[in-house]
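Asker: All chains, please: the whole structure from these sequences, using the hints.
Chains as they are written, first to last, in the numbering used here: chain A, 86 to 448; chain B, 86 to 448; chain C, 59 to 288; chain D, 855 to 1086; chain E, 855 to 1086.
Each hint should be verified, as a subset may be incorrect.
To be verified - Taking lysine to any residue and the SDA-like style, the derived pairs with C-alpha atoms no more than 25 Å apart in a straight line are:
| # | chain 1 | residue 1 | chain 2 | residue 2 |
| --- | --- | --- | --- | --- |
| 1 | A | Lys190 | E | Arg989 |
| 2 | E | Lys929 | C | Gly165 |
| 3 | D | Lys977 | A | Asp168 |
| 4 | E | Lys929 | C | Lys156 |
| 5 | E | Lys947 | E | Trp931 |
| 6 | E | Lys929 | C | Asp148 |
| 7 | D | Lys929 | E | Gly1049 |
| 8 | C | Lys279 | D | Pro1048 |
| 9 | C | Lys259 | D | Ser1072 |
| 10 | C | Lys279 | D | Asp1051 |
| 11 | A | Lys250 | A | Asp168 |
| 12 | D | Lys977 | B | Gly97 |
| 13 | C | Lys199 | C | Lys270 |
| 14 | C | Lys279 | C | Ser134 |
| 15 | C | Lys156 | C | Glu124 |
| 16 | D | Lys977 | A | Thr176 |
| 17 | C | Lys156 | C | Ser134 |
| 18 | A | Lys190 | A | Ile253 |
Unchecked claim - Just a sample of chain B residues kept apart from chain A, beta carbon distances all over 12 Å, derived:
| # | residue |
| --- | --- |
| 19 | Gly109 |
| 20 | Ala151 |
| 21 | Leu155 |
| 22 | His158 |
| 23 | Leu175 |
| 24 | Gly192 |
| 25 | Arg210 |
| 26 | Gly297 |
| 27 | Ser326 |
| 28 | Gly330 |
| 29 | Gly354 |
| 30 | Arg385 |
Unchecked claim - The following label-pair restraints were derived from C-beta to C-beta distances:
| # | chain 1 | residue 1 | chain 2 | residue 2 | range |
| --- | --- | --- | --- | --- | --- |
| 31 | D | Lys977 | A | Val263 | 33 to 43 Å |
| 32 | B | Ala103 | A | Glu434 | 53 to 63 Å |
| 33 | D | Lys947 | B | Asp148 | 52 to 62 Å |
These are calculated hints, taken from the structure and not from any lab test.
Quick reminder that beta carbons are idealized off the backbone N, C-alpha and C, glycines included.
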Amino acid sequence: MIEVALSHRFAGFALEVAFTAPGGVTALFGHSGSGKTTVVNAVAGLLRPDRGRVVVGGRVLADTDAGVFLPTHRRRVGYVFQDARLFPHLTVRQNLTYGRFFAPKGGEDFDRVVDLLGVGALLSRRPGGLSGGEKQRVAIGRALLSNPALLLMDEPLAALDEPRKAEILPFLETLRDVTRVPILYVSHSLAEVARLATTVVLLRGGQVAQSGPVAEVLADPASAAVVGPREAGAVLSVTVSGTPGEDGLTRLDSPGGPLWLSGITAMPGQALRLRIPASEVILSRAAPQGLSALNILAGRVGAIEAEGADAMVRIDLGGVDPGQGGGQAILARITRRSVAALGLEPGAEVHAIVKSVALAGHI
Amino acid sequence: MIEVALSHRFAGFALEVAFTAPGGVTALFGHSGSGKTTVVNAVAGLLRPDRGRVVVGGRVLADTDAGVFLPTHRRRVGYVFQDARLFPHLTVRQNLTYGRFFAPKGGEDFDRVVDLLGVGALLSRRPGGLSGGEKQRVAIGRALLSNPALLLMDEPLAALDEPRKAEILPFLETLRDVTRVPILYVSHSLAEVARLATTVVLLRGGQVAQSGPVAEVLADPASAAVVGPREAGAVLSVTVSGTPGEDGLTRLDSPGGPLWLSGITAMPGQALRLRIPASEVILSRAAPQGLSALNILAGRVGAIEAEGADAMVRIDLGGVDPGQGGGQAILARITRRSVAALGLEPGAEVHAIVKSVALAGHI
Amino acid sequence: AEITVFAAASLKNALDAIAADYQAKSGDTLAISYESSGKLAKQIQEGAPADIFISAATDWMDKLAETGDIQADSRSDLLGNDLVLVGGADAAPVDLVKGVDLAGLLGDEKLAMGLVDSVPAGMYGKEALTSLGVWDAVFPKVAQTDNVRAALKLVSAGEAPYGIVYASDAVSDASVKVVGTFPADSHEPIIYPVALTKSAKPEAAAFVAALKTPEAVAAFKAQGFEVLGQ
Amino acid sequence: MFDWLTPEARAAVLLSLKVSVWATVVSLPFAIAIAHGIARRAGWVWQAVNGIVHLPLILPPVVTGYLLLLTFGRKGWIGQWLDQWFGIVFAFKWTGAVIAAAVMSFPLMVRAIRLAIEAVDPKLEAAAGTLGANRLWVFGTVTLPLIVPGIIAGAILAFAKAMGEFGATITFVSNIPNQTQTLPSAIYAFLQVPGGDVAAARLVAISVVVALTALVASELVARRVARLIAGN
Amino acid sequence: MFDWLTPEARAAVLLSLKVSVWATVVSLPFAIAIAHGIARRAGWVWQAVNGIVHLPLILPPVVTGYLLLLTFGRKGWIGQWLDQWFGIVFAFKWTGAVIAAAVMSFPLMVRAIRLAIEAVDPKLEAAAGTLGANRLWVFGTVTLPLIVPGIIAGAILAFAKAMGEFGATITFVSNIPNQTQTLPSAIYAFLQVPGGDVAAARLVAISVVVALTALVASELVARRVARLIAGN
Ligand SMILES: Nc1ncnc2c1ncn2[C@@H]1O[C@H](COP(=O)(O)OP(=O)(O)OP(=O)(O)O)[C@@H](O)[C@H]1O
Ligand SMILES: Nc1ncnc2c1ncn2[C@@H]1O[C@H](COP(=O)(O)OP(=O)(O)OP(=O)(O)O)[C@@H](O)[C@H]1O
Ligand SMILES: [Mg+2]
Ligand SMILES: [Mg+2]
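Answerer: Given below as structure tokens:
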């Protein structure tokens, strides 16, 4: 449970933010300069807000009204800075273990983290000559190894290549799910946010534009302005309903029908979240046949919003009544020409075609 | 024309790189720590390589054999550093205009660049209090405004949000096409690379894994290891064959048939390049009907490479003989189950379904 | 005219008074540089713009005479001084005779005096103690300072019970008391010679003469000096 | 102001100020140049320069004073030459006091500036280079502004030292009232005579007040500059 | 070594070394603490401390010497107390010379260290805070290692100054051969007698060699540390 309420003025910028999150990963999302780092700094105690209250897991870290302001070192936050901020005089190993001295026992295993981040070969080097991505990886490791009660991650993966990101993301998921460390996560990548976040806080110009559970916020077409039209997309909750077959695919049940995904390690019965970028959904009136895409969801057109040559179509899954599909919907971004050609209108039955491999990245 | 040949050793890392590029944008692509920044630094003259030769547009910037090593300030490179490196004591405006004094007349218009980067409100501030993305934008502006003979950009957009990236990318395209400044571009985003690059140089562990025209390199399934399976995809050359219709879509001709795209400003007859991520391609044996996707390319299966639960399928466009389609091909990443279900094998006729909106970002 | 005088630092009080008088009368202006004699002599050798040199000891004046930096015929002995033993305000008089048990009086404590090989007062003091036959006994207890005033300070601050200074220095410091005067024959006479420098302005001779007028004599005497050649 | 001082003491205060300010100002460019060389160039030449610069600190001031006298005195090997060809004389002039003070405070100034230069990130200088700035320009527009706090620190240290400098000054230019008698020389002269303590204490007080005022002022300037660079 | 020196001169060399080393070592922790306070805390208290620290630079050394005498002398207000309660006496002892040298070189040391502290990026200290380190630990593990070059610079400056210190030392502890006769005192004494120049020059040479050796050594150490931090 994270509770943040802040009010702070810089010359030319006013932050006025309040949100609560139930734990898990809380993603701060917003344009450059919208105040994300400022919020994180205030939570870390590096910025003393003009007014504000920060409570994490019942611990009051700051409350200006009550005159409480815990110093940074007693907040137990592991902070991955936007600029790595490694200690230049310490080796990579010493950087990584710096927080160990103060950390309560337990926490991540050193070798495991080193392995995951691929910094094993760098351990005896000093940060001076590290590449941008290497620095960032060490910074992530340093924060993880301090066994924090709250992880603050400010664009931790921005400097990394895709394969490396793909390795680190599942680790963060484990952290979220197994060790249950709450994470405040700043990112410009909607894929990351959709994958990790429990709660999304959209910031715009120092204010909260929207906040709430990730599925809700992202399914709202209004969030597209912050998110960027090309990144918009809904998040779908599904249930694992089997174990991987010999071809590696696992069946997932959704209100719109079954989906097949590879690389699923979750147990049957477990709930998963899939992000379905609106731009990757193809619609068809008839049930499509003979396609390589395995995932076809049935539903009805909920709403159509035109945007230039394109239109954003909401498809309510599982029937006319939104309640039937658990209120779940996906978004499809198609051309207006197609809207006309297919004769789409609210209430029309449609099939949404989604590529299985396109989904795999967005669990 | 850029010609780079470098050989340099750090303790624990050896760089041994040689490539030539015909101008335009040369993308350096590779994992974190693969030597990208090192190459850029050597081109900028910030690193004196053990041995090497750097020639840009006929000017020999460095040639250790001939004892030539032009000092940085005479190379006229505009360098956007991975870490912004703004001058802390100068205002944003002074940072932006720093290079003006030395720059030959001409070059970008100050107001235009400021506008594009959205730093107008920051002009009188000092870098100290800027956000990460703001810093990076100023750094881009500073390099652009120095009217360089060669632009070096080291992950210039990594710290920026999608909407901002979407604004800056077309500007870089203009720079490439109109002012014809050669650009050496480091990025982890294949979307950016595919969109901008003329030439791609894939680095792996300090060596060139592959280099050549962007279409060739990216169509090579072997590049997937560096690129990441999810990012792999081919680049297709097409010709504009009409002006935008009233629904905003323009017809493009490819060897596999016509494609419809929105947002095309190019003149009829002009050649364009489209990136088609393998993961976004759906295959069908029969010609599909009644889909929202407008873009269906016909071709024959060229090769199938299995990778775990998935398979990478190359589709040679325009017939059996690769020569007929101008040798062009696209890649599709589908499940092995689909390969079996559709009975795909080399030589089989297939239709590739690609969403029009998914293409728009990859011109 | 402006006359520059290089004078031993200990003369400041007396000379300042005399100079003020003289300036009023003659219309000449006087600039007096007070420093240790050794340094002043070296400066004169290096071409300092001094017209008159008043040294606190004869040796530096001899040196300048040797190198021709002073007008030998203008030299005269101006002042004399006594060498005294001072103690704290409540110290008992000491009879400075041959074999005086100064070392015993000192006990574990120090005798403050100028550098015994370079500062004139220190050199005189060493000579005096030697001729009294007690130098070897006293030497281990000698604390040397770079000028005689600092030695006096050590006594007045209570750091050292006794010190050897000029009679002129002991004047006017309430916290020290002269406890004995060294016999005149126990050391070379303490003489402050005066001379015109080689490059002296013609007006300078008049001020040298003025140093011997009754008013000047009174001023010197008020500071505890002995005026020679009376 | 200063009414309660004798004219001579007043002259000493003013002269000390003049000498200290001049010594600081005159040596500043040299100090910056030398500090830059020592900080950013390698090689034994700069090591040697570094050593020479420190000499006045190591040597007793009297020795430095004598060396100055032997060098810049009217019969000194440089002084003689300056006198003959340009008619410039330092010995026993206030300008000589400036030289003495400058030489004595030079190591302090150089050290402070050098530390500041070493703290400047060479990456910023490299960035300026990519924008077309040559070495000199980089120095003037990047390095120099960034070391302003260090320069101020060095200058104030030098100024304070110059205000207190005594041994070398009095040895080189003697102690001539209104011409070369600086505050410390005047204090020295008072301390040499019976009853001079009060007058000396008064001068000490002035000296402290003047130097501390300069110190506080410089701190304020340095802080403002630092805050400006930090961007808040 | 030193065979060509008189035993007395040899004693002076050794004493000077001993005094300078001790003065540097003893004052270092205080200098670091005070420099840190001045650099990182605001408020008039630290401004005042800053002023006081600079006093020995501003005042003529003799004055500082007298003030030391009045403070740490046997009848001085601190000295008296130290004597009574702990039996510690500085007057006429080499330890007194250490105090004099330490006080005189203190401002130089503090300035150098302070500049170094001000050059440390507070963001790094903040980062250490997020990892759980309290202020003291942050200082010890981040700030302190990063200012090592500054500390070396300050220490060597102080050492050099201590080697050359004369005025305050001789005034405070006078000149007692083998006990408080440091190199500068010996040099001074030689310079005061006609014909002593050669002997003085010899001692000057020793003093220069010793101090420059220390200087060069410190430079090497500082460079190594700096390179280590730069990570090459
Ligand atoms: N000065 C140096 N000393 C030692 N090793 C160095 C030095 N500079 C770079 N390296 C090493 O060389 C390798 C390549 O570094 P480089 O900065 O070129 O990587 P990069 O491709 O830019 O990576 P990234 O995407 O993370 O920025 C890295 O492993 C790095 O640690
Ligand atoms: N110390 C400061 N003084 C003045 N303005 C500041 C200061 N710190 C931040 N700001 C301003 O506050 C705004 C928010 O900054 P913040 O760093 O929180 O942005 P951000 O959302 O993290 O952006 P980015 O994605 O670019 O890192 C920016 O416009 C920034 O310029
Ligand atoms: Mg930020
Ligand atoms: Mg890099």
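Asker: Against this structure, judge whether each hint is valid.
Answerer: Hints, verified against the model:
A distance of roughly 22 Å separates the Cα atoms of Lys190/A and Arg989/E; the hinted pair therefore holds under the 25 Å criterion. For the suggested pair Lys929/E and Gly165/C, the alpha carbons sit about 18 Å apart, so the restraint of at most 25 Å is met. A distance of roughly 15 Å separates the Cα atoms of Lys977/D and Asp168/A; the hinted pair therefore holds under the 25 Å criterion. With a C-alpha separation of about 32 Å, the suggested pair Lys929/E and Lys156/C falls outside the 25 Å cut-off, and the hint is violated.
The hinted pair formed by Lys947/E and Trp931/E meets the criterion: a straight-line CA distance of about 18 Å does not exceed 25 Å. At roughly 15 Å between alpha-carbon atoms, Lys929/E and Asp148/C fall within 25 Å of each other, so this suggested pair holds. Restraint check: the Cα-Cα separation between Lys929/D and Gly1049/E comes to about 19 Å, which is no more than 25 Å; the hinted pair holds. At roughly 14 Å between alpha-carbon atoms, Lys279/C and Pro1048/D fall within 25 Å of each other, so this suggested pair holds.
As the CA atoms of Lys259/C and Ser1072/D are separated by approximately 46 Å, the hinted pair breaks the 25 Å bound. Restraint check: the Cα-Cα separation between Lys279/C and Asp1051/D comes to about 21 Å, which is no more than 25 Å; the hinted pair holds. The suggested pairing of Lys250/A with Asp168/A holds, with an alpha-carbon distance near 17 Å, which does not exceed 25 Å. Distance restraint check for Lys977/D and Gly97/B: the Cα-Cα separation of roughly 23 Å lies within the 25 Å cut-off, and the hinted pair is therefore satisfied.
Restraint check for Lys199/C and Lys270/C: the C-alpha separation of about 40 Å exceeds 25 Å, so the hint is violated. The hinted pair formed by Lys279/C and Ser134/C meets the criterion: a straight-line CA distance of about 18 Å does not exceed 25 Å. Proximity of Lys156/C to Glu124/C is assessed by CA-CA distance (about 36 Å); at most 25 Å being required, the pair is judged violated. Of the supplied pair hints, the one linking Lys977/D and Thr176/A holds, its CA atoms being roughly 21 Å apart against a limit of 25 Å.
Distance check on the hinted pair: Lys156/C and Ser134/C sit about 32 Å apart at the alpha-carbon level, beyond 25 Å; violated. A threshold of 25 Å between alpha carbons decides the hint, and for Lys190/A with Ile253/A the separation of about 23 Å falls inside it, so the pair holds. With a cut of 12 Å on Cβ distances, Gly109/B stays outside the contact zone with chain A, its closest approach being about 23 Å. Every CB of chain A is more than 12 Å from the CB of Ala151/B (nearest about 28 Å), matching its label as outside the interface.
Against chain A, the non-interface label of Leu155/B holds: every CB pair exceeds 12 Å, the least being about 24 Å. For His158/B, the shortest C-beta to C-beta distance to chain A comes to about 24 Å, beyond the 12 Å cut-off, and the non-interface label holds. Distance to chain A confirms Leu175/B as a non-interface residue, since its nearest Cβ pair spans about 18 Å, more than 12 Å. Against chain A, the non-interface label of Gly192/B holds: every CB pair exceeds 12 Å, the least being about 25 Å.
A cut-off of 12 Å between C-beta atoms contradicts the statement that Arg210/B is not in contact with chain A; the least separation is 7 Å. Every beta carbon of chain A lies more than 12 Å from that of Gly297/B, the smallest distance being close to 20 Å; the non-interface claim holds. The beta carbon of Ser326/B sits about 17 Å from the closest Cβ of chain A, which is more than 12 Å, so the claim that it is off the interface holds. Its closest Cβ contact with chain A, about 8 Å, brings Gly330/B to no more than 12 Å, contrary to its assignment away from the interface.
For Gly354/B, the non-interface assignment is confirmed: its Cβ lies about 22 Å from the closest Cβ of chain A, beyond the 12 Å cut-off. Remark: the non-interface label on Arg385/B is consistent with the geometry, its nearest Cβ contact in chain A lying 15 Å away (cut-off 12 Å). Here the CB-CB span from Lys977/D to Val263/A is close to 40 Å, well matched to the stated 33 to 43 Å. Checked against the given bound of 53 to 63 Å, the beta carbons of Ala103/B and Glu434/A, roughly 59 Å apart, stay inside it.
Separation of Lys947/D from Asp148/B is about 58 Å and conforms to the stated range, judged on CB atoms against 52 to 62 Å.
The earlier numbered hints that this structure contradicts are 4, 9, 13, 15, 17, 25, 28.
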